[in-house]
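Colleague: Here is how the chains run, residue by residue.
2 protein chains.
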Amino acid sequence: MKFKLNGRIWIEGEERFMGIGRFQLLEQIEQTGSISAAAKKMGMSYKRAWDLVQSMNSQSETPVLSTQAGGERGGGTHLTEEGKRWVTLYSQFQQRFQEFLETETLKLPAE
Amino acid sequence: MKFKLNGRIWIEGEERFMGIGRFQLLEQIEQTGSISAAAKKMGMSYKRAWDLVQSMNSQSETPVLSTQAGGERGGGTHLTEEGKRWVTLYSQFQQRFQEFLETETLKLPAE
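Residue numbers (numbering that gives the first Met the number 0), protein chains in the order written: chain A, 0 to 110; chain B, 0 to 110.
The shape of chain A in the complex, shown without the other chains (with noise of 0.2 Å):
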């Protein structure tokens, strides 16, 4: 028997803000351009992904994710200084979170 020590994190506003399905969803948007391309890859409904977004833009200073119909960037939907602001600042504590559970991971018995 091998045991490990594993979790979640999530930062909180008012209510949920982002967690690692949220983060995902942003990573997913980001490289396809799409809101619902990125619904697709995550297994969840267009409905699903939108609600996703407008709980984070609510709750941001300004929205994460911002979307141009066409022109030079060929348009498509994007994060904003904003979104990758907090992409970035997900991944760094989801980061940490993992150094943490592997140093814990060490403290359980072996057998």
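Treat the hints as calculated values from the structure; they're not laboratory data.
Heads up, the beta-carbon is just placed ideally off N, CA and C, and yes, glycines get one too.
Do not take every clue at face value.
Claimed, not checked - Partial selection, computed: residues in chain A whose CB lies under 7 Å from chain B:
1. W9
2. G12
3. M43
4. K46
5. W49
6. A109
Dock chain B against the given chain A, drawing on the hints supplied.
Modeller: Below, chain B without anything else, positioned relative to chain A:
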């Protein structure tokens, strides 16, 4: 708007071994000397509490609880040495995790 980092940790063996709920259940059993009384305090059914205890017993080297029928100590259900070791370990994890969350929360935007 004030943000904070929050989260949960749990110890995994073959399956979930101990999270905050099971930890509190063991604490209540130790205080009340009774799985039934502890279950009631936790707002769960006796069957649920029993199943959680069995899950922990089956994953640890030796059972986490022992039940004595009367005798000098008045009987009742109490933590074994193995059970006490796990409760102490989880409590230490939880304390360091709280410190982690507080330290990381300082890195979030104050407004």
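Colleague: Indicate, hint by hint, whether the structure satisfies it.
Modeller: Okay, the hints, checked on the actual structure:
The beta carbon of W9(A) is positioned within 7 Å of a beta carbon in chain B (closest approach about 6 Å), and the interface hint is therefore held. The interface hint given for G12(A) holds, since its Cβ lies 5 Å from the closest Cβ of chain B, which is under the 7 Å cut-off. At its closest, the beta carbon of M43(A) sits 22 Å from a beta carbon of chain B; the interface hint therefore is violated under the 7 Å criterion. The interface hint given for K46(A) is broken, as the beta carbon of that residue sits about 25 Å from the closest beta carbon of chain B, more than 7 Å.
With its C-beta approaching chain B no nearer than about 22 Å, W49(A) sits outside the 7 Å limit, and its interface hint is violated. With 7 Å as the threshold, the beta carbon of A109(A) stays out of range of chain B, its nearest partner Cβ sitting at about 12 Å, so the hint is violated.
Hints 3, 4, 5, 6 from the list above are not met by this structure, while the remaining hints are.
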